[in-house]
Amino acid sequence: MKTDIKLAGVGGQGILSIATVIGEAATAAGLHLKQAEVHGMSQRGGDVQSDLRLSTDPIHSDLIPQGGADLILSMEPMEALRYLPYLSPEGAVVTSSRPFVNIPDYPDEAALLQEVDALPNVTRMDIEQVAKSLLAPRSANMVLLGMAARHLEILSPDELRTAIRTVFARKGDKVVEDNLKAFDAGYEGLQ
Amino acid sequence: MRVKRLLLGDEALALGALHAGLSGVYAYPGTPSTEITEFIQGAPLARERGVRSRWCTNEKTAMEAALGMSYAGKRALVCMKHVGMNVCADAFVNAGITGVKGGLVVVAADDPSMHSSQNEQDSRFYGKFAMVPILEPSDQQECYDLMAEAFRLSEEVRLPVLVRMVTRLAHSRAAVQTGEPGPQNALDPDSERTRWVLLPGNARRQYAALVARQPELLRRSEESRYNSLVKGGPLGVIACGIASNYVCEAHPEGISLLKVSQYPLPESLVRDLAATSAEIVVVEDGQPFVEEQVKALLGAGYPVSGRLTGRLPRTGELNPDNVAAAFGLSNEDGHAPAHNLAARPPQLCQGCGHRDVYAALNQVIAEYPNARVFGDIGCYTLGALPPYRAIDSCVDMGASITMAKGAADAGVHPAVAVIGDSTFTHSGMTSLLDAVNDNAAITVILSDNLTTAMTGGQDSAGTHKFEAICLALGVEREHLHVVVPLPKNMEEITRIIREEMEYKGVSVIIPQRECMQTLARKNRQKKAAQ
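Quick note, the sequences are listed as chains F and H, same order.
Quick note on the working numbering: the first sequence kicks off at 1 and runs consecutively.
Quick note on the working numbering: the second sequence kicks off at 1001 and runs consecutively.
None of these hints come from the bench; they were simulated from the model.
Note that this is a predicted model, so its numbers are computed, not measured.
Ideal placement from N, C-alpha and C gives every residue a C-beta, glycine not left out.
Mixed in with the good hints, there may be bad ones.
Pulled from the structure, derived: some chain H residues nowhere near chain F, Cβ distances all over 12 Å [claimed, not checked]:
#: 1; residue: Leu-1045
#: 2; residue: Leu-1169
#: 3; residue: Lys-1522
Distance windows between CB atoms, simulated [as the list claims (entries may be wrong)]:
#: 4; chain 1: F; residue 1: Val-122; chain 2: H; residue 2: Arg-1005; range: 34 to 42 Å
#: 5; chain 1: F; residue 1: Gly-12; chain 2: H; residue 2: Gly-1042; range: 15 to 23 Å
#: 6; chain 1: F; residue 1: Thr-166; chain 2: H; residue 2: Glu-1491; range: 35 to 43 Å
#: 7; chain 1: F; residue 1: Val-122; chain 2: H; residue 2: Gln-1214; range: 58 to 66 Å
#: 8; chain 1: F; residue 1: Gly-172; chain 2: H; residue 2: Glu-1216; range: 54 to 62 Å
#: 9; chain 1: H; residue 1: Glu-1491; chain 2: F; residue 2: Pro-104; range: 38 to 46 Å
#: 10; chain 1: H; residue 1: Pro-1234; chain 2: F; residue 2: Gly-30; range: 34 to 42 Å
Chain F regions said to be covered by chain H (calculated; three or more residues, Cβ under 8 Å) [what the hints assert, rightly or not]:
#: 11; region: 25-38
#: 12; region: 73-82
#: 13; region: 85-91
#: 14; region: 101-112
#: 15; region: 145-156
Required output: the full structure, derived from the provided sequences and hints.
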């Protein structure tokens, strides 16, 4: 079994923390993993993406082939659309609904969300609003991971919860609890 | 105890070097190489052992210091991005002539597709040029494993060893099986002066010896466990380093695969492959380094294809799609590209001091239609993009000042240079001295954010020393200004820029305010410590 995930967002939104949690869970589960990250210049407010490949068998390429991704996981709706050529026909899109507008020619929001909703297998949520309502505003990325958990057959929600505990342990109990709460809200689809 | 750790390719190299008994790492930050040195700086083992790891002023000082450590008998590592090889080439190539004592390993991280670079030069050419062995890992495990091999090889053949990385491996994470740390070398300075004093008489002998050692390097490469030939069919494939992963991912049928991770090119393996293949395809990231050599080796009659023939794209990095296409395979079609999509280029952070610098500069420049602004390398290169569109050039580290000087010599006025603090100490100080000695009519804006920001906020070599440096180089006190780039100071800054652009000599304006990212990180660390 293998799962290829395209993680997307804007520099500074915390997609690498999502990758770290999934990576921790995958390692603990004894899965093979490759995770190609973007460092350097493009992190300055530009589009960023990470290829995350999980498999029960050894993985060759660090990059996901076109049409090969099982899941696009995006912190921003337009960034979710950027990687559609990589999404397999049966693949799912899990994305934040809230545009991050830092460019003058950002598309019309209604048209953009309409295009997102027209995809065959899409889940979107205003993850920042959810995180705020949980009084955990910095955990929006874990809301997104919770939403994604429903599509990740290769890892169980409990394996992801354990990984959240491990990854955030050094930041203290409050941060761990906030992130777990955010994850559960995403998983349960609470609005 | 052997343990598995999830590591970036860069981190695996760093840990491999530490476990190989490293005594010092010398480096200047540069994407995609920065994480190697950062990992060593943060490693408990490095602290315990007192491994030297502070950032260097540039790649040349790094290479020379590492050669000195090697001279003293200890193992030293030099890390840089590919263009850093241009900066240290003098020291690197001549280290091939002197040879080394303690193992000396040089990591050059290439950036095919220029994700964060101004070219995609292939560092393997430097290894061949200096006539030293090259290792090119294909995955994270090999990154770790081959560092021990690299140091051993360096000491056995008494030459520097070049390790060639590419961005995708440098910045990709996978589980790595690690071993036990080995001992460090004891202090044992060399005393063979005829080897180290490269007067022509000695140099001729040393160079002849280097040439004479080439057959041994070739034999070692042909016997290396990092080069392997697996026969399976009539289509011969040579895949170098990371390229072998893309070939395996595409798994074309009926191929015989020669994986190359050690150079000189293992000629006997290439001939063996050619003998049982109808043609050879060369798959390599970067420039057609191996393809050219294979063509020369097998002669014009033997069909060889790759980047030179268009079977693979001539420019840009390899990926699973263009490699599959080279074998007539195509990956599954994904979804159609989206309509509601706009480019989102990187940009200067909100609140960044460089923004205020460009706002002020643009305001004054608007009054001088003939002005030219020569930029340099760092976050502030983003001033080339909207909304500022403020610079006319960006070529190489330090070029802003010297290009402004040359343009001023030719009659351009005003000629303005914009350079960051770390870039200035890297390669701008000598440029400024030239300008002072020629009394060139240039205005230098030394935008000081107290850090090496673009690569993630590493210490900058000249912090708190810039006024002293400029004065010592001969900049006149009345034409040296330090300002704080904030909107409230816009009037003062524009006035100073205007006055100094009118001055027909060298002026330096230092807008000084800490990088937002570095400041935020320090505040977070302070808060966490409370």
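Do the hints match the structure? See the list:
Residue placement check: Leu-1045 of chain H keeps its beta carbon more than 12 Å from all beta carbons of chain F (closest about 20 Å). A Cβ of chain F approaches the Cβ of Leu-1169 of chain H within 12 Å, the least distance being about 7 Å, so the stated non-interface status is violated. Here Lys-1522 of chain H stays apart from chain F, with its beta-carbon at least about 17 Å from theirs, past the 12 Å limit. At about 36 Å, the beta-carbon gap between Val-122 of chain F and Arg-1005 of chain H stays in the expected band of 34 to 42 Å.
One distance hint, 15 to 23 Å for the beta-carbon pair Gly-12 of chain F and Gly-1042 of chain H, holds here, with the actual separation near 22 Å. Checking the proposed 35 to 43 Å range against Thr-166 of chain F and Glu-1491 of chain H shows it is violated: the Cβ atoms sit about 53 Å from each other. Between Val-122 of chain F and Gln-1214 of chain H the Cβ separation comes to about 60 Å, which falls inside the hinted range of 58 to 66 Å. A hinted range of 54 to 62 Å for the beta carbons of Gly-172 of chain F and Glu-1216 of chain H is consistent with their spacing of about 57 Å.
Hint check: Glu-1491 of chain H to Pro-104 of chain F, Cβ distance near 28 Å, so the stated range 38 to 46 Å is violated. Restraint check, Pro-1234 of chain H to Gly-30 of chain F: a C-beta distance of roughly 39 Å satisfies the suggested window 34 to 42 Å. Residue count for the region 25-38 of chain F with a Cβ under 8 Å from a Cβ of chain H: 8. That meets the three needed, and the coverage hint holds. Using a Cβ-Cβ cut-off of 8 Å, 4 residues of the region 73-82 of chain F lie near chain H, which meets the minimum of three, so the contact claim holds.
With 6 residues having a beta carbon nearer than 8 Å to a beta carbon of chain H, the region 85-91 of chain F meets the requirement of three or more and the stated coverage holds. Proximity of the region 101-112 of chain F to chain H, defined as three or more residues with a beta carbon under 8 Å from a beta carbon of that chain, is established by the 9 residues found. Counting residues of the region 145-156 of chain F whose CB lies closer than 8 Å to any CB of chain H gives 0, which falls below the minimum of 3, so the coverage claim is violated.
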